[in-house]
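Visitor: Residue-level listing of the chains:
Protein chains: 2
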Amino acid sequence: MTPIPNPRILYASIPTGYPIPGKNTKYDDSEQIDLENVPLKGGYLTRTVLISPEPWLRERLRDPIEVSCASPMRLGLPMVGSGLVKVIRSEDPKIKVGDFLAGIIRASPYQSVDIDAWGPSWLTKVQKLPGKDWTAVPGVLGSPGTTAWMGLKEYGDLKKGETIYVSTGAGALGSMVCQLAQAAGLKVIASTGSDEKVKYLIEVIGVDYAFNYKTTKVDSALSKWGPIDVYWDNVGGETLDAAIAHCNVHARILACGYISEYNGEEKYGNLAWIFKKRIRMYGILMSDLVPKWGGPFFEEVYKLLAEGKLKTQEHIVHGLENADKAWVELLQGKHLGKTVVVVSNPEA
Amino acid sequence: MTPIPNPRILYASIPTGYPIPGKNTKYDDSEQIDLENVPLKGGYLTRTVLISPEPWLRERLRDPIEVSCASPMRLGLPMVGSGLVKVIRSEDPKIKVGDFLAGIIRASPYQSVDIDAWGPSWLTKVQKLPGKDWTAVPGVLGSPGTTAWMGLKEYGDLKKGETIYVSTGAGALGSMVCQLAQAAGLKVIASTGSDEKVKYLIEVIGVDYAFNYKTTKVDSALSKWGPIDVYWDNVGGETLDAAIAHCNVHARILACGYISEYNGEEKYGNLAWIFKKRIRMYGILMSDLVPKWGGPFFEEVYKLLAEGKLKTQEHIVHGLENADKAWVELLQGKHLGKTVVVVSNPEA
Numbered sequence: 015m016t017p018i019p020n021p022r023i024l025y026a027s028i029p030t031g032y033p034i035p036g037k038n039t040k041y042d043d044s045e046q047i048d049l050e051n052v053p054l055k056g057g058y059l060t061r062t063v064l065i066s067p068e069p070w071l072r073e074r075l076r077d078p079i080e081v082s083c084a085s086p087m088r089l090g091l092p093m094v095g096s097g098l099v100k101v102i103r104s105e106d107p108k109i110k111v112g113d114f115l116a117g118i119i120r121a122s123p124y125q126s127v128d129i130d131a132w133g134p135s136w137l138t139k140v141q142k143l144p145g146k147d148w149t150a151v152p153g154v155l156g157s158p159g160t161t162a163w164m165g166l167k168e169y170g171d172l173k174k175g176e177t178i179y180v181s182t183g184a185g186a187l188g189s190m191v192c193q194l195a196q197a198a199g200l201k202v203i204a205s206t207g208s209d210e211k212v213k214y215l216i217e218v219i220g221v222d223y224a225f226n227y228k229t230t231k232v233d234s235a236l237s238k239w240g241p242i243d244v245y246w247d248n249v250g251g252e253t254l255d256a257a258i259a260h261c262n263v264h265a266r267i268l269a270c271g272y273i274s275e276y277n278g279e280e281k282y283g284n285l286a287w288i289f290k291k292r293i294r295m296y297g298i299l300m301s302d303l304v305p306k307w308g309g310p311f312f313e314e315v316y317k318l319l320a321e322g323k324l325k326t327q328e329h330i331v332h333g334l335e336n337a338d339k340a341w342v343e344l345l346q347g348k349h350l351g352k353t354v355v356v357v358s359n360p361e362a
Numbered sequence: 015m016t017p018i019p020n021p022r023i024l025y026a027s028i029p030t031g032y033p034i035p036g037k038n039t040k041y042d043d044s045e046q047i048d049l050e051n052v053p054l055k056g057g058y059l060t061r062t063v064l065i066s067p068e069p070w071l072r073e074r075l076r077d078p079i080e081v082s083c084a085s086p087m088r089l090g091l092p093m094v095g096s097g098l099v100k101v102i103r104s105e106d107p108k109i110k111v112g113d114f115l116a117g118i119i120r121a122s123p124y125q126s127v128d129i130d131a132w133g134p135s136w137l138t139k140v141q142k143l144p145g146k147d148w149t150a151v152p153g154v155l156g157s158p159g160t161t162a163w164m165g166l167k168e169y170g171d172l173k174k175g176e177t178i179y180v181s182t183g184a185g186a187l188g189s190m191v192c193q194l195a196q197a198a199g200l201k202v203i204a205s206t207g208s209d210e211k212v213k214y215l216i217e218v219i220g221v222d223y224a225f226n227y228k229t230t231k232v233d234s235a236l237s238k239w240g241p242i243d244v245y246w247d248n249v250g251g252e253t254l255d256a257a258i259a260h261c262n263v264h265a266r267i268l269a270c271g272y273i274s275e276y277n278g279e280e281k282y283g284n285l286a287w288i289f290k291k292r293i294r295m296y297g298i299l300m301s302d303l304v305p306k307w308g309g310p311f312f313e314e315v316y317k318l319l320a321e322g323k324l325k326t327q328e329h330i331v332h333g334l335e336n337a338d339k340a341w342v343e344l345l346q347g348k349h350l351g352k353t354v355v356v357v358s359n360p361e362a
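In order, the protein sequences belong to chains A and B. With our numbering applied, the first sequence covers 15 to 362. With our numbering applied, the second sequence covers 15 to 362.
Chain A with its partners taken away, still in its complex shape (with noise of 0.2 angstroms):
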C-alpha cells in the first residue's frame, strides 16, 4: 500500500508563558506511515481516535536544566499526551484489532511501537462508559478521573460531615473531586473562573456552595462556608496559602497542581515543589502521638542511654524566681542545651 501522510504537532521551542501554536509547536505533514506495512516488532499499530489535552503537559515544555515531576520533552519530537486509540493491526496476543486504548500517546493520527516509544507501555485496555459517548472516557477515565478517585482514596481520609474545598471544581479533574467527594457524604465548597462556571458546579455538578474566584477572594468563600477538613489543591500560590488558614485540626491538603505558576504569571515562595515532588508535610503535636507511642518510648530511651547512644546537655539555672527568665532566654536562643530549672533537691 502506498505510504500515507502521519502529520504530527512538533515540539518547536520552549515557551515561556502560555504556549503559542505555532511557534512553540508546530502542526508537521513531512512524516509518512504505510498502515499495511509498517513493522510491528510483537506490537500493534493504532488509530488516534481522541486526544485530551491536559495542564499537567506544560510542565513538560521547560529547559532540560529544570527539575520537575514531569521528564521535559525533547524539542523537535512530536508532543505526547494524553488519548484514546483504537488498534488497527495487532501481533501482540493480548490486543485486537477493534480494541480502545487510552493512555499517553503522540500527536498524529497513527502510532506503532515503531514509531513512537511511548505508546505501548503506558495504553490501558477500556470499554465505552455506559450511556456516554466516548469523548466522556479521557475526562473519566484519563488522568482527571484516574487522579481524582486514587487521590481521595490514598490521602483524602474522607469522613461522612466533613467539608472538602476544590480549587478549579469546575473543571475536568475538579468536577470529579467534587463528585465523588459528595458520594462519599462530604460537603463542597468549588471554586472557579467564571460565573458560567458556577452555574454549572451549582446547577449540574450539585456542589454545595461555589464562587467565582475573580470576584470573590479565597479568604472570605471560606470564612463563610468553611472551615474545611480537605483541600484539594489544584492551583497552589496564593490559593494554597489561604486555604491553610482555613483548616480544620488535622485537615488534610491533597496538592496536585500549581496552575497558577505554570505560565510564570506568579511565583509564590516554594509550595509548588510539594506537588512537583510528591512531600508529604504534617503538622505534629505530641499530645496526638502519646496514645500509641507512649509505651514504646520510654522502653527504647531508656535502652539508648544505657548503651550510651543518646546525649543530653542541659542549661541549668536554679531557682522558682528565675524560671521565666531562663524562658524568655530560651525563646530568644541564648544558651545550649535543654534548659532546666532547679527549683528544689530531687535527692531531699
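Hints are computed from structural coordinates only; laboratory data are not their basis. Treat the hints loosely; a few may be bogus.
[To be verified] If you anchor each label on the Cβ, the simulated ranges turn out as follows: (1) B:ALA197 with A:LEU54: 52 to 58 angstroms; (2) B:PRO310 with A:GLN46: 38 to 44 angstroms; (3) A:LYS348 with B:GLN46: 31 to 37 angstroms; (4) A:SER85 with B:LYS231: 26 to 32 angstroms; (5) B:LYS238 with A:LYS213: 50 to 56 angstroms; (6) B:GLN46 with A:LYS306: 38 to 44 angstroms; (7) B:LYS231 with A:LEU54: 52 to 58 angstroms; (8) A:ASP43 with B:ASP171: 49 to 55 angstroms.
Using N, Cα and C, we set each Cβ at its ideal position, and we do this for glycine too.
Keeping the supplied structure of chain A fixed, place chain B upon it in accordance with the hints.
Guide: Frame of chain A; chain B shown alone:
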C-alpha cells in the same frame, strides 16, 4: 503545721514580642500552703524539683480570641509548663511518697489536686535516666524527647542512607532528632544560631554537617549538603520555604513549630497553620498511585456512571491540527468541561 509560702509565677499581661519578666509574668509570694493539712481528695501533694521552660508555652500567652493548638492561658493564674515533681504525700494507691513524676506542672514549689487542676492528669511516673542527673529528664522524657521520638516513628518513615535536615538542631528537641535520625542510619544536616552551637553539633552530637543560619543561608547550605529526604522543621517561615526547594521526591516534612513567628518578628504566609492545626499535606501524582489503585478504580467508576451518579462534561474540538490551540485555551481556562480533540471517528 504552720502554713509556709508557696510562691508562684503568675501570668500578668499578654506580651507583644518576647515576654518581659516582671511585666508579662510576675513572681508572687502571697499564697501559702499547709503541707501537712492541705486536702488531697484522693490525689497527692508534690514538691517541685525541676521546671522545664519550653518554647511552645509562648503560644499560650495570647489573646484568647486567637486560635492555636495550645489553649490560651488565663491572665492572673499561675504559669504552667513542663517539669519534674517528687511526691511528698499521697492518698492515691498507685502513687507512692518518693515517686518522681514528669509532665505539666504549675510554676510553684508545691502543688496538689486541690491547688492545681492541671497536675495529676498530665503526670507520668519516671525513673532517673541511666548515667544521668535528674536534670536530664525534662529534655529526654519531657516534650522535646517525646516529640522527637514519636514524631519520627509516626511520620518520619526514615530509611537508612537518607538525609535529614534539622532546624534548631542544637536545641533540646533538635538534638534528640539529630541523634535518633543518626541512629537510624541517616546523614544529618543541622542548623543553629551560633558558632558555639555549630561546634557542639559537630563535636558532641556528631552530626555530619552543621551551619549557623545567621551567617550561612539555608539555601546555600542545602545546595551543598542536600538534597534532603526529611526535614524536621522547628522554625517555619523562610527556613521552611527554603527547605521545600531542596527536598527529594517523596520527602517528608515534619512541621513541629515555627519559632520564627512566635514572637511576632516575622509573618510568612500561613505556613504556621500546618503545624498549629496538624495538617497533613501530600503532593500527589497519578503515576505513584496506579500500582495500588488501578484495579478498584475502573470497577467503581463504571458502576458510578451506570448508576447515573457521575456527571461528565466535554469541550469537544475537531482535528489534530487544532490540538495545540485547544490545549493553550485549556491552560487559560477558556472552556467548560474536559477538553477532548477528536482526531478520527471511533466507530470507523
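Visitor: State for each hint whether it applies.
Guide: Hints, one by one, checked against the model:
no., hint, result
1, B:ALA197 with A:LEU54: 52 to 58 angstroms, "holds, 56 angstroms"
2, B:PRO310 with A:GLN46: 38 to 44 angstroms, "holds, 43 angstroms"
3, A:LYS348 with B:GLN46: 31 to 37 angstroms, "holds, 34 angstroms"
4, A:SER85 with B:LYS231: 26 to 32 angstroms, "holds, 30 angstroms"
5, B:LYS238 with A:LYS213: 50 to 56 angstroms, "holds, 53 angstroms"
6, B:GLN46 with A:LYS306: 38 to 44 angstroms, "holds, 42 angstroms"
7, B:LYS231 with A:LEU54: 52 to 58 angstroms, "holds, 56 angstroms"
8, A:ASP43 with B:ASP171: 49 to 55 angstroms, "holds, 51 angstroms"
No hint from the list above goes unmet by this structure.
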